[in-house]
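Visitor: The primary structure of each chain is shown beneath.
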Amino acid sequence: MLSVEEYTRQAKMCVRCTFCKFIDLNWVKSLRFSRQCPIDSRYAFNLFSPHGLLHSALAELDGSLEFTPKLMEALYQCTLCGACDARCKRNLDIEVLQVIENLRIRCVEQGKGPMPEHKVMADNIRKTHNEYGEPHENRQKWLGNIKPAQKADIVYFVGCNSAYKQPELAQNTAKILGHTGTDFMLLADEWCAGNYVMATGQVDLARELAEHNVKAIEDSGAKTVITSSAEVYKSLKVDFPRLLGKSTEDMPYTPLHITEYLDQLMQDGKLEFKKNVNMKVTYHDPCNLGRLSEPWQEWVPNYVRVIPIGKVWRRGERGIYDAPRNILKGISGIELVEMERNRSNTWCAGSCGGTEMAFPDFAMWSASERIEEAQATGADAIVTASPDVKQLLTKAVKAKKANMAVYDITEIILKAI
Amino acid sequence: MALSKEVYKALESVVGPEWLSDDPAILEADHVGGSVHGGGDIKRPVCSIQPETAEEVQGIIKICNKYMIPFSATTTNPPPGLDREGVIFIDLKRMRKLEIDEENLYATLEPGVSFAALQGELFKRGLVTFVPMCGGNVSVLANTLNVGEGAISYRYGDRGYRRVLATEWVTAGGEMLRIGSSALQDDYFWGEGPGPDLRGLMASANLESPTTRGICTKMGVRVFPFVDEKLEPTGDAPMTSLVLPSNRFMYYNFVFPTKEAAINAIYEIGKCEIGLFVMTVPPWFFAMARARGSAEVLTGAAGFWDYWDNHEAPLIRENPNQTTCRILLYGIGSDKRLAYEEKVLLDICKEYGTTFAKASRRTTDETHFMSADAIVSNLAGGRFTSVILFESLDHGYKCADIVNVNTKKHVPPVLDDYGTTNWFLPFEMCHICKLECLRFASVEDAGELALLMDDCHKDFVDVGAFPVRPAAERYGPKWENYPEKTRKFKELLDPNNLAPPIT
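Quick note, the sequences are listed as chains A and B, same order. Note that the first sequence covers residues 35 to 451 in the working numbering. Note that the second sequence covers residues 22 to 524 in the working numbering.
So that you can see chain B by itself, here it is in the shape it has in the complex (with noise of 0.2 Å):
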């Protein structure tokens, strides 16, 4: 399917020549899946379309709704909805305009400016955000759309959402909405109304992808206070990390003797406020780490096998209970303060029954603040997935049980981890809490994957747990047919069903 001269040309008349493409290469690139465990049946779009202002995004969405064509609107992510035929692929990667407003603490982002270049920002100014564990390289906007967790939501609430202030819409039916302050006046300071908060109805955390009902072209996201000191950034990659004033902060990893135990002191941890970020660490993770190599330990995906095999799994054999949790200690205010949660941590610890254990107290912070090695998963198989979802950390716990008799079912055991691969991390000082299992299969064994999320998915919903999007038929039944609002609301905004599904 080609696109008419007609459509062509209107499209070229707003972004200009340069930024329009049918060319088969540029669409063959575009069109990949690019998801971590196989992409589906996914189609070259017809065209290539790259805005850079919202004006330009809504000039498109107009001719899509005058000649009934569908669109995909993505910056960092694979598109979504190019498993549909004749397709708009609309880049967002060009939209990359930001401005911090330091004193009244939120920044106005556009949809391709990424985490890392927001939180560089941010360290300039004796500011902080929280980045996905997904990656700093992801788009700050998407990002906070979808789901928007980091590890240092613990102290600074939960996921994007909360943090999303005013924005800016080019709705699927081609109008431009803007929510919050920005109804008023261009500053994005405040997110609810005037009249109902709208927010939830555009975002739609967790349920499809936001870009169902619209394109967010522009956001106002809160941003935190931090230490005035310099996180400074030290080693050549892959051996990277951030230098913490040592008076400011500390990192601790601890062992549990039962994951029962690591549970209830973590939900002790949160009782008390103490740490900037605390989660458990599934011992693959340090396989992980030694495996990132360094000029001299140059040991790649055999250094891994070689530390899991000899090292880890040993370990873990002998006791499959046992839990290592690590937190990040933080002085907020003053050093007197990173002495107090010091003191409460330990005697959290010994209550509990814990032993300190490897690099147990250290100052350098390798991924937390900038998501470095988000995808270093990968390495100990040809493909991964990664099942989310958000919980209690009880019930979390026992929907981790589910993961693991999936797992069986379907995916061949590249990493015979015992069930431990699963990891929580605790959001809103221990209140939630995201529980992510991640799985690894081949190359060849991919599609497998794709079958084990789907059968956990079915099992969650049935335990009344609260998984990452979900099939809409599956979930709705049990969350009060939600799934047929946000239909309802799609009719409304998008009246020509030209956005991307929800599925």
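Same shape as in the complex, but just chain A (with noise of 0.2 Å):
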């Protein structure tokens, strides 16, 4: 979390050159999918953008702004999709990201924030340690007939919604682990990880929450952590490490999204795809997995004038883009199109940040804008690598009532397989 003094500094950086609001210029093909910052195509009032919030930090914190209904519909609206900051990147390396969560972190500190339906899942976790409040007990429902190891050099970490509401995305995964003949085990007792609870500015539960699966982790003895959810990936790998005050490489695991392992397999030669699965398809790249996934670099702030010595940027260039389209393309009867926002210049979906829970017809809203995205290239389904991202892109193509299928990518490679 950042200083007082490091909050105002980046903050005041921003000189409104409003690039935060539009994918790299470069890569700009049309003039409906030129913009990125999904409050901002919304709502258009400056407030509802990143410089707008920026500046509203400063104003909160001199005292001339309070945390108003209108300024935390804009803060908790904003998905933190992170785009703004890679694009801030390419020219001024403000950290625009981290001043919005902070944002967050003070509105709670100040007992403004979060929003209500943040405050029950925090409630849910701290009773039963998922967001939905379901059984802890039934966590591991999901397994079915399907025995993991007792003990293996890699722990699947499952994560919430697929631990409790698409059970059939778990099953893929392990079933995929199986097929690759990885031995994998599970944590004894997987908490949350937290990635909503940390997103919506409530640090002392993400911190506990981070420090009991860290510890969790450990006492498995096992040093690689793969999962198939974007936003659990994005906790391992970054959360958990700043949350403890640490950098990624530091931790005493390493994290993996399925993806990843099995582009792995495949470079070793290690994985065939031998269906054909006949389809064309569209690729979404989950903020979490993509630009917001880079590893964690603790930085004390140490500045000589005006420059920061030793920093190392996140600017979303390192997330995981190659891995999943590699496995899309390794199946023969897959055509991968892209949509015009790719990579690190993706379009949230909306789930991110904890907005759906408490915005869900914003969230409806912005995954709708991507199917358009998506029937623009004329795919015949759009494949995501999370599961919350493909749970809300479902429930937008049935509300638009598009002729599109929404698959994880598990499903797409349990047919390949």
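Keep in mind that the hints are not guaranteed to be accurate.
Unchecked claim - Listed next, the stretches of chain B that the computed footprint assigns to chain A, with coverage defined by at least 3 CB atoms under 8 Å from CB atoms of chain A:
1) 132 to 139
2) 145 to 158
To be verified - Listed next, the in silico SDA-like pairs over lysine to any residue satisfying Cα-Cα at most 20 Å (straight line):
3) B:K145 <-> A:A410
4) A:K363 <-> B:G256
5) A:K146 <-> B:D44
6) A:K63 <-> B:D122
7) A:K63 <-> B:E250
8) B:K64 <-> A:G97
9) B:K145 <-> A:L65
10) A:K104 <-> B:P45
11) A:K63 <-> B:I121
12) B:K118 <-> A:R66
13) A:K104 <-> B:L24
14) A:K181 <-> A:E171
15) A:K63 <-> B:M260
16) A:K63 <-> B:E123
17) A:K345 <-> B:S463
18) B:K145 <-> A:E374
Source of the hints: derived by calculation from the structure; they are not laboratory data. The beta-carbon is built from N, C-alpha and C at its ideal position, and this holds for glycine as well.
Hints in hand, dock the two standalone chains.
Guide: The following block contains the structure:
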């Protein structure tokens, strides 16, 4: 979390150039899909924009603005998708996302935030260790007849959504790992990874979840943690080290998204897809797997005049973009076509940052935008790598009555093996 | 100061409740000065309103006139005239209609269309526009009214106002004014007449904000034929670029032993009419490019300084007069033309004693077609300012020295640049050029940048140069009291003096 001094410094660096609202300009191909900030695109008022929130952060700090309902509406409708952050770091290198995250933390600290739905989520997690308030003892119910190893070098971190809402995705992951001959185990006591807890500014609870899960991983003895959830992946790779004051490389485990793991197996010649899957698909990069998933490097602010010394930047370029594409391209019959906003330019489908919980209509609007973009490619299906995103896109397809299938990438992989 | 319920209701009836707000958080975010060197005395507006059509803009302005409420309008730039109390802020971002007439080579657009979006649409059709150096994210309409220059103005004509065709305005008094062909029919293909050409009267590039006499709601802009081959984007930000077809484009960077040699060679390049654009490149541009980093070179600002201190600065100290230039050769029509241009360039370079420099020959474009790196300059310091003027190359060269002298008075040396941060961008085959002098300061010293700008403008006017938007009282006496004439027009078109003032 940023110190007040660093928070102020970063917010003051904004010159309101508005680069934060657009995809990387070299990638702009149309008026329709040139913008990238969901709240700005939907509401257009400057408050509903990255630079508006940065300015609000300064105004709140100096007492000229309080956490009014309107400010909280803008602050919590922001999906924290990181598009602004990646764009700003082409030019100004401001930590836009961290400032907005810190503004949420201040909102919670002052007893104004988060939104009521986020408080319910937090209460659920405190009581049952999952965001839905489902019985904790049901967390491994998805296993059915699947029998993970008692002891293995690899842990599969399932995540709340796959464990409770879409158990078939957890089963897919387990079957795929089984197909590749990968021994894996589950954590003895997996808790919610806390992606949305962290995102909504509830840092104390987020830290508690990080501490518990990291200890559980350490106790397991495994050195690699695989997940098929983009949200869990970001927690493992970025939030846990950040909350514990460490860098990703200093964590006692290596986090891998299932697509990274399988891509590596493909490169090593240990995985082949033998079945045809005849489908024209487009791939939606989940924000949490793409631009938000770069390794975290702890940095103590150290400036010589205006120059940060020893800082490593997270600009979104090192996200997981190639692995899922390599897998899709490796499946015969699949024709992969790209949407205009892809890779680090991806449009947020609306499920990030806890936004969907508190503002479902806005999240649905954002997802609908993505569906329209997918339709513009002529694809039959949109494939993603996040259970939460799949769930929201599926709702949007139904609401729009769009003729398009939505898949999690594990579903496609399972068809091909 | 708050807006009365009566006025609020009236405004709401124009745009609907969703697009009007007087919430303090909304207004706080709107009142940002946001200029690179500090915002000045800026006040919160009394409400923020977002029209979607020209008719809605007109409805708002009529209400402003009825109740005598000042207004200010903008799209991507910080709004002008927010130093006044009780302003209604009109945000034009929702006005985003765009039509392209491929056959007749013009586009008709509203204020919310950005240059990058227009360029992207044009590329699909084998057409091109020039994107201003301040960034492809800015409004085409607003920037074209203001200055509207871009790199390829070198080949396609001087700055924005030569591209303006018919325009639609809502005057500050609330009248709908259509200039050019749109006065006769709903078509924006032609800018002049009927009767006197009023475009200059409304746009007044360089002198003050174009919104001082009304709000432009629609504009026809000229676009240009381009290559049929696609310019393909590549890379993940921040390391993105457009891959240019190598049979039609070629970049060269080359170094001249002196600034004078560089200026003379650029003149020669213009005379020979080669290239899509040509410019001088201050050495810190290379450090900036380096600082953008990649997965392997995670350098950021520290990288900038490392590269500057260890590579660029020593070279400059050794030979402060050495000047780097960049040209993009353009096989307009055919690849044979490209081969011809390369031969001509090499002859000129030989004549003026140049050596080819870093990445001297390449076919990727990182920034010039989309102006993707416009604000990267801020990396070197907490704030920067940009002193700009349009002059001949010779005169601009002299004016650069004025900036160098004033810099020493005002700006602590965040970047000890030995006077090399100035750069020249010629237009119209070098008949005119833009001089831009970027100067850096820490956030704490940002006020000095405004003072620097002020002093430079004063001195520029004294030597008869043509800077962008100096104070009118300084400028007027040197230029036939032109500001007095614009004030008269303002009185005519803004009878209640509600639009932003002429500064």
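Visitor: Work down the list of hints and note, for each, if the structure agrees.
Guide: Taking the hints in turn, this is what the structure says about them:
no.	hint	verdict
1	132 to 139	holds (count 5)
2	145 to 158	holds (count 4)
3	B:K145 <-> A:A410	holds, 15 Å
4	A:K363 <-> B:G256	holds, 19 Å
5	A:K146 <-> B:D44	holds, 17 Å
6	A:K63 <-> B:D122	holds, 18 Å
7	A:K63 <-> B:E250	holds, 15 Å
8	B:K64 <-> A:G97	holds, 16 Å
9	B:K145 <-> A:L65	holds, 12 Å
10	A:K104 <-> B:P45	holds, 8 Å
11	A:K63 <-> B:I121	holds, 14 Å
12	B:K118 <-> A:R66	holds, 10 Å
13	A:K104 <-> B:L24	holds, 18 Å
14	A:K181 <-> A:E171	holds, 17 Å
15	A:K63 <-> B:M260	holds, 18 Å
16	A:K63 <-> B:E123	holds, 17 Å
17	A:K345 <-> B:S463	holds, 19 Å
18	B:K145 <-> A:E374	holds, 13 Å
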